[in-house]
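Colleague: Those protein sequences? They're chains A and B, same order as listed.
Take 715 as the starting number for the first sequence in this note's numbering and just add one per residue.
Take 3 as the starting number for the second sequence in this note's numbering and just add one per residue.
I should point out that these hints are in silico values taken from the structure, not numbers from a laboratory.
Treat the hints with caution; some may be incorrect.
[Stated by the list, open to error] Straight-line Cα separation of at most 27 Å, DSSO-like style, residue types lysine-lysine; simulated pairs: (1) K718(A) <-> K298(B); (2) K800(A) <-> K273(B); (3) K807(A) <-> K164(B); (4) K244(B) <-> K266(B); (5) K827(A) <-> K266(B); (6) K245(B) <-> K807(A); (7) K298(B) <-> K804(A); (8) K800(A) <-> K758(A); (9) K804(A) <-> K170(B); (10) K164(B) <-> K833(A); (11) K827(A) <-> K170(B); (12) K188(B) <-> K266(B); (13) K273(B) <-> K188(B); (14) K273(B) <-> K807(A).
Quick caveat, the model's predicted, so the values are computed rather than measured.
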Amino acid sequence: MPKKKILVADDDPAILDAIQIMLEDAGYDVVTSVNGETVYKMEKSFPDLLLLDIWMSGMDGRDICRYLKNQEVTCNIPIIMISANKDTDKMAKDAGANDFLAKPFQMNDLLEKVAKYTKS
Amino acid sequence: MRDLTSRREFRSLLKLQTQILESMVEGVSVYDSTGIIVYTNSAEDQMFGYEARELIGKHVTIQNTYSPEENKKIVHKVIDQLKKKGYWSGEFNNKKKDGTKFATFARITSIEIGGQKHWVCVQEDVSERKQIENQKDEFVGVATHELKTPVTSIKAYTQILKNRFQKKGDKASTDLLSKMDAQLDKLITLISDLLDVTKIEAGKMSFNLENFNFNALVGELIEELQRTTTRHTIEIKGKAPKKVYGDRDRTGQVLTNLISNAIKYSPYSDKINVMISQDSKGVTLCVQDYGVGVPKKKQERVFERFYRVSGPKEDTYPGLGLGLYISSEIVKRQGGRIWVESTKGKGSTFCFSLPIKPRHIKQQKIQLLKVI
């Protein structure tokens, strides 16, 4: 079975690095982005899941989420929003995210959520 | 002759007192029991932007920004405190003649003039001080958020390593990393508590209100907390109605705090009881321990910000003194109540109650800020 592809977008390089290793160790194919713009503008080779920080440098992750959920080609990509503010759960869901994860997180919580939304 | 001297003395005393009042930096005003201003010193006039004597004869409410309802409430509070303590002190939201708003810290006492009750109000402008306080809170908010970022990656790296050692069957290294992970969780709780306090102070703590399964929440958390102690057995007694209205995560935070405290403050006993009861008004949860207890006179203060029970024995317990303050804010904001019953040396029972039915809860403005 081909590996599931996860796109991770966060503006902190260390968090991005750690999540990448975590997911690769668990058998996923991982692509990362420190820039909200590239996620916003993705046109091909879509991931099976997007892990999206709610606050990308200068860009509101919720806007990216809303945009992707409104495009025909990207609307079916599951999006899990990540935020250091645990009170933003509702905001993430309002923006159309499938799920939410608060930073700092337990590895098992991340892996469970990723597995849940990439099950084919 | 003596009469003249005493009159002269009286006049000079009066002059001196007037000089004292006029030299004061604090604004002084006197009003009668109906709220009509009968005296202001020059600091008061300047603070409110009026000409000398211009405020005299006006009603005191032109100085503040409150609605008639709010003004009534304040008057009741002041009367109550004057009876109880002999003075009232607190903050006022005021406005200048030109409408500029500002805050003062005021003290009110009462005097009699010609057999009539009057109020003396001494107040100072605290706008600048409040602004500095806000800046400080904002700074703590930014600092704690910045702390969270590296802690997130450190925790993630720790868990990756633990996972790798586990896969290799290296139990000693796995255990070591589990300990490190547990310490990181303690650090994260400290950071989260600081962040919560800045949210409370800034009025930005938000609540996701819904009907949730209270019993399931209690069960889950106790299972989790039981794992943090090998000494204590946490026992649940009683049940809540199926659905309770409130913020599930925040309510869980209160419970976690009460049980963690019970564990922390009862190092020599082995039992913690969690008792749930319900009546027509709501659900009550109590956490009982057989630990060090809280002395009677300190019981009221344990819910204050930064307050920690100090004493020769208690000094050895670590913490920021924020947990119970945050818990009490969470409970109060959901329309509930929190209290403690305790005997020093015998143990404590901390309880909170929440209403079952949905009620109107004033939602604070939710803002997505990078700092919080």
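Colleague: Next step is simple, just say for each hint if it's right about the structure.
Modeller: Against the structure, the hints come out as follows:
no., hint, verdict
1, K718(A) <-> K298(B), "violated, 60 Å"
2, K800(A) <-> K273(B), "violated, 32 Å"
3, K807(A) <-> K164(B), "violated, 32 Å"
4, K244(B) <-> K266(B), "violated, 30 Å"
5, K827(A) <-> K266(B), "violated, 33 Å"
6, K245(B) <-> K807(A), "holds, 22 Å"
7, K298(B) <-> K804(A), "violated, 41 Å"
8, K800(A) <-> K758(A), "violated, 32 Å"
9, K804(A) <-> K170(B), "violated, 40 Å"
10, K164(B) <-> K833(A), "holds, 26 Å"
11, K827(A) <-> K170(B), "holds, 25 Å"
12, K188(B) <-> K266(B), "holds, 13 Å"
13, K273(B) <-> K188(B), "holds, 23 Å"
14, K273(B) <-> K807(A), "violated, 41 Å"
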